[in-house]
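*Asks:* Based on the hints, put chain D in the right spot on chain S.
Protein chains in written order, with the working numbering: chain S, 1 to 336; chain D, 1 to 336.
It is possible that some hints are incorrect.
Heads up, the list lumps identical chains together, so a pair's fine if it works in one copy or across two of them.
[To be verified] Think about it this way: if two alpha-carbon atoms lie no more than 25 angstroms apart in a straight line, the pair counts; the simulated SDA-like pairs of lysine to any residue are: (1) Lys181 / Ala164; (2) Lys46 / Gly66; (3) Lys182 / Asp172; (4) Lys181 / Gln292; (5) Lys88 / Gly116.
It should be emphasised that the hints constitute simulated quantities derived from the structure, not laboratory data.
There are 2 protein chains.
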Amino acid sequence: MSKEVHVAVAGSTGAVGEEMLRVLEKRNFPVGQLTLLASSRSVGKKQIFRGQEYTVQELGHDSFEGVDIALFSAGGSITKIYAPSAVKAGAVVVDNSSAYRMDPQTPLVIPEINAGDIAAHKGIIANPNCSTIIMLMAVYPIHQLNPVKSIIVSTYQAASGAGAAAMRELEDQARDVLDQKKIEPNIFPWQIAFNAFSHNSAMNQENGYNEEELKMVNETRKILHLDQIQVSPTCIRIGTFRAHAESIHLELTNPLAELDGYRKALSEFPGVTVIDDRATNRFPMPTESSGQDDVFVGRLRPGLDQSHSLELFCCGDQILKGAALNAVQIAEQLLD
Amino acid sequence: MSKEVHVAVAGSTGAVGEEMLRVLEKRNFPVGQLTLLASSRSVGKKQIFRGQEYTVQELGHDSFEGVDIALFSAGGSITKIYAPSAVKAGAVVVDNSSAYRMDPQTPLVIPEINAGDIAAHKGIIANPNCSTIIMLMAVYPIHQLNPVKSIIVSTYQAASGAGAAAMRELEDQARDVLDQKKIEPNIFPWQIAFNAFSHNSAMNQENGYNEEELKMVNETRKILHLDQIQVSPTCIRIGTFRAHAESIHLELTNPLAELDGYRKALSEFPGVTVIDDRATNRFPMPTESSGQDDVFVGRLRPGLDQSHSLELFCCGDQILKGAALNAVQIAEQLLD
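Bound conformation, chain S alone:
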C-alpha cells in the first residue's frame, strides 16, 4: 500500500466514527485523501480532520472508488450491504460490526494478539466486540505464561456500547432521577441511570445467553485459535458513560506462579497498564479509563483455596480500544 492512503469512514458521524477520525489524526495515520460516509440523514454534515472541514456524503455502492482502506462503523446490516462493494472497488474493509466476525474467510483481529491473522484476509478484516477486546487484552499476557483453560467473567458495561444517543439517555435520565421526574427509557429497555441490568442484546431463548455473551465466547476462541477454551460470561450494563469494566476468574493449566511474574508480563504488554496498588486500594476504574488508549488491569490475586486460579479486574475505554482505536491499529498493520 502506498505511503499516503485514501481512507473512507463509513458511519463517520456516530460515536465510534467520530472517534476514528480523532484516532487517525492523533496517531498520524498517513491519510492522503479522506472520504466521510453516512446515511442520507447525515449527508451534508461537516466534520473536522486535521483542521480541515469535510462534508459527509451518502454511503452507496459507488462510494469507494480509489479508496484504499474503508473503516466501517455503520452497524451489521449496513456493512453486509456495502462492504462487498468496497472490496470490489479495491479497498480493504476494517469492520467494527458483528457482520463478518465469525465468517471463516474473515480475520478477527486484536493487533497485539493476532496481527498475523491479517495476512489471510480476503478484503475484509473484522474488529472484535468491545467486551472481548478488553477482556483478552487483560487475559492474553497471562495466557502466554500459563495457558488459560477457562474464563468466568462478569462485565460492568458502559452506555457508550449502544452509541452516542445512549450516552445522552444516561445523562438526561440521571438528571430526571435526581429531580424526581418520571423516567421513560428509550434507547435502553430499562432505566440505565443508577441501575444495572442484563445486557440489552438479543437473548438466545434456548440457552439463556444474550448475543453479547455469545460474542465473548465465540470471538475468544477465534482470536486465540483455541476451540476448547471455556468462556462463561455474564454481561451487565451499568450507569457509566464510556469505559467497560470486567471481573475475571481464570482457571489455568499449570499451578499459579508468583504474581509478580504475571504483573511484569502485563506491564510489558503493549496496550496494557497495570494499576494494582493494594496499599491505596487503587485499581482500574471506568472514570480513569475513559479517554485512555490502554486497558487497565489490576486486583491480581490467587483464587482462594485453589492452586490453578487467578482473579483480576480490568477496565478499558469502550469507544477507543473497544472499537475505534483497535480498528485503526488494524489499518496500521495494512500499511506495512
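*Replies:* Relative to the frame of chain S, chain D by itself:
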C-alpha cells in the same frame, strides 16, 4: 419471652436503624416499649414509631435495663463496647455489625436458612454481611437440590452499604458530574457517581482480598456449616443507591438437572422472587429491588460446555434483607 417486648434500637438514627423502625412497624412486631439509642451527637432527636414520637437517648452501659431485645446497628467498635452490657442486663442482642459474626459462641443467622442455630446463642446473635445474605438467599435453594461445591461471585454494590451519607454523596456527586463541576470524594475514596471501583473496605495486603470479600467467604461457611465450600468473590461498588446485585457462577456436586426444578425451588423459597423472563429480557435489577423485602433471582442458565455449573444473577435491597429486615426476622424467632 412475653407477648409484648421491650425493644431497644442502638444506632436508631442511621440508615439501617431507621429502616429497623419501619420494619418493626410494618411486620407488627409486638413492641411493648421502645428505647432509641444513639451517640451523643444524635441525642434529643425525635423519631416516629406507630405514629408516636420517641426521643433518642445516649447509648450507654446502663441503657438496657428491662430491655428484652436490643437491635444493634451502631458499627463494630460500638457494639464491642455496649453489647456485653446489654447482655448483662438480660437483653438478647441482634447485631448488624461484623463484631461477633465469626465468634464461635455467636450464631450467624439468615432465618430462612439456619434459624435453628439461634437456640445456641449466649446473648448475642449476629446478622450477616449484606452481600453474604443476598448471595445465600439465591444460592441456598439450589444448594438444597444439588450441593454447591464452589461459588464464583462478582458484586454490583450500592452506595447504601456505606450509610446514609454515602447515598447523599452519590446524589450530590452525580449532580456535580452532570454540571461538569469538580468532584471531591469524601465518604468513598473514589468517585461513586457514574463509576465502579473495588470495594472500599480494608484490603488484606497479603492475599489481595478486601474485608467485604473475606466476609463472603467466611460467613458462607459458617451459615451453611460447610467448611469446605469454596467462595471466590470480587466485590465492586457501582453508582446505585440501595440494592446490591450479584453475578454468580456455581459449581455443583451432581450434574445439572432441568432448570425448571431449580426455578421452582427458588420460587417456593420464602423471601425469594424469581424474575427470569428471557422473552422480554427482564431479570433482577437494583431499581426494582429497592424497597422490596424479597431477594430477586434470575438469569438461570447452565454453564456453557459444563455439565455441573449453573449461572444466575440476583438483586436485593441492601438496607432491608441485607440488614434491617434480616435482623428483625432474627428477633421474631426469639418470640416463639
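*Asks:* Would you pick out the hints that fail for this structure and give their numbers low to high?
*Replies:* none
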